[in-house]
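**Student:** We have chain B; now place chain A onto it with these hints.
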Amino acid sequence: MSSPPLFILLCSGEHEKIQMAAMTASVAAVSDRAVEVFVSMNALAVFRKDVEGQRYSGGEFSKVMQQRNVPDAIELFGQGKMLGEMKVYACSMAMDVAGIEIEDLVEDLVDDAGGLTKFLADAESGQLIVF
Amino acid sequence: MELIATLKLIELGDEIDVLSSDKGSAMDIPAWVEKVKHEMVGIDQEGDFWHIVVKKMK
Chain B
120 MSSPPLFILL
130 CSGEHEKIQM
140 AAMTASVAAV
150 SDRAVEVFVS
160 MNALAVFRKD
170 VEGQRYSGGE
180 FSKVMQQRNV
190 PDAIELFGQG
200 KMLGEMKVYA
210 CSMAMDVAGI
220 EIEDLVEDLV
230 DDAGGLTKFL
240 ADAESGQLIV
250 F
Chain A
234 MELIATLKLI
244 ELGDEIDVLS
254 SDKGSAMDIP
264 AWVEKVKHEM
274 VGIDQEGDFW
284 HIVVKKMK
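Residue numbers (this note's numbering), protein chains in the order written: chain B, 120 to 250; chain A, 234 to 291.
Bound-form chain A, shown alone:
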């Protein structure tokens, strides 16, 4: 929800790097991004955390 709220505030083409300790987010965020037609830039696991980078497309 924080990602979605933040996406509303940023400019088109801007990217957000979500830092999450939740494995579910690493699966759910890409699914959501595809559904609502934003763009996944990348997803990396770093220790217990995931970096999930999303680009605002609309």
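Chain B with its partners taken away, still in its complex shape:
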């Protein structure tokens, strides 16, 4: 029996939430669970190819993670994709509003631009977690 797919709606730009989303997505993907990630709002800028200054900002735990060199969230998403079944979609509405093109986002990680309606419809077949 295969597990129902996992759908992750990632909106927060906060390092802690993005890290948790990356860990959840990658662990699920390598545990034989299909994962779809929908990136929108403040999270979208974190997926830019070229980030000026620090990619991640957050609270106390973010500082500790950066000092302790925990695995990078973008790399964790990438590993999940490489070793499991994972799709990452960038919210087309947020891209429009922020003036971000698909080419501006981390290569080989973001599969395509996508709409919320389609994502929500797909998510009916599985479990949805929001970060």
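One thing to keep in mind: the hints can contain errors.
Label pairs and their in silico Cβ distance ranges [stated by the list, open to error]: (1) GLU171(B) with LYS241(A): 33 to 39 Å; (2) ASP231(B) with GLY280(A): 45 to 51 Å; (3) ILE193(B) with LYS270(A): 25 to 31 Å; (4) VAL249(B) with ALA264(A): 21 to 27 Å; (5) GLU226(B) with LYS241(A): 44 to 50 Å; (6) ASP277(A) with GLU243(B): 44 to 50 Å; (7) ASP261(A) with GLY178(B): 32 to 38 Å; (8) THR236(B) with SER254(A): 19 to 25 Å; (9) GLU220(B) with LEU252(A): 24 to 30 Å; (10) ALA217(B) with MET260(A): 21 to 27 Å; (11) VAL274(A) with GLU204(B): 23 to 29 Å; (12) HIS284(A) with SER211(B): 44 to 50 Å; (13) GLU267(A) with VAL170(B): 36 to 42 Å; (14) GLY178(B) with LYS268(A): 30 to 36 Å.
Derived EDC-like pairs: lysine to aspartate or glutamate, alpha-carbon spacing no greater than 16 Å straight-line [to be verified]: (15) LYS206(B) with ASP151(B); (16) LYS256(A) with GLU272(A); (17) LYS241(A) with GLU133(B); (18) LYS270(A) with ASP151(B); (19) LYS289(A) with GLU272(A); (20) LYS268(A) with GLU243(B); (21) LYS268(A) with ASP151(B); (22) LYS291(A) with GLU194(B); (23) LYS270(A) with ASP255(A); (24) LYS182(B) with ASP241(B); (25) LYS168(B) with GLU194(B); (26) LYS256(A) with ASP281(A); (27) LYS200(B) with GLU235(A).
If you're looking for bench data, these hints aren't it; they were derived computationally from the structure.
Values in this document were obtained by computation on a predicted structure and should not be read as measured data.
By construction, the Cβ of each residue, glycine as well, lies at the ideal position given by its N, Cα and C atoms.
**Tutor:** Relative to chain B, chain A alone:
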């Protein structure tokens, strides 16, 4: 993640001995192995380290 990547590269029936200083790995690896249907060969604590031996089954 290194364990999972390495499992992809080795032959069926081969074993990997993971050396970890992280107590979480000692709990998470057996849970993962059971979920994805590989096999736990053994798990031993040696000082501050754990040896977690996994056999590739698929």
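**Student:** Within a Cα-Cα threshold of 16 Å, do LYS200(B) and GLU235(A) meet the stated pairing?
**Tutor:** holds, 14 Å
**Student:** Are the Cα atoms of LYS256(A) and ASP281(A) separated by 16 Å or less?
**Tutor:** Given pair LYS256(A), ASP281(A) holds - Cα atoms ~9 Å apart, limit 16 Å.
**Student:** Do the Cβ positions of GLU171(B) and LYS241(A) conform to the proposed distance bound of 33 to 39 Å?
**Tutor:** holds, 36 Å
**Student:** Holds or violated: are the alpha carbons of LYS268(A) and GLU243(B) at most 16 Å from each other?
**Tutor:** violated, 24 Å
**Student:** THR236(B) and SER254(A), beta-carbon distance inside 19 to 25 Å?
**Tutor:** Roughly 47 Å apart at Cβ, these two residues miss the hinted range, so it is violated.
**Student:** Could you tell me whether the CB distance from ASP261(A) to GLY178(B) stays inside 32 to 38 Å?
**Tutor:** violated, 25 Å
**Student:** Is the hinted range of 44 to 50 Å satisfied by the C-beta distance from HIS284(A) to SER211(B)?
**Tutor:** holds, 49 Å
**Student:** Taken at face value, is the distance from the CA of GLU272(A) to the CA of LYS289(A) at most 16 Å?
**Tutor:** holds, 7 Å
**Student:** Note whether the CB distance of ILE193(B) and LYS270(A) lies within 25 to 31 Å or breaks it.
**Tutor:** Distance hint for ILE193(B), LYS270(A) holds at roughly 30 Å.
**Student:** Is the straight-line distance between the alpha-carbon of LYS268(A) and that of ASP151(B) 16 Å or less?
**Tutor:** Holds, because 8 Å separates the two Cα atoms, which is no more than 16 Å.
**Student:** That 44 to 50 Å hint for ASP277(A) and GLU243(B) (C-beta), does it hold up?
**Tutor:** holds, 45 Å
**Student:** Under the criterion that the straight-line Cα-Cα distance not exceed 16 Å, is the pair LYS270(A), ASP151(B) satisfied?
**Tutor:** Roughly 10 Å separates the two Cα atoms, so the pair holds.
The structure fails hints 5, 7, 8, 9, 10, 16, 17, 20, 22, 23 and 24 (numbered hints given earlier, in ascending order).
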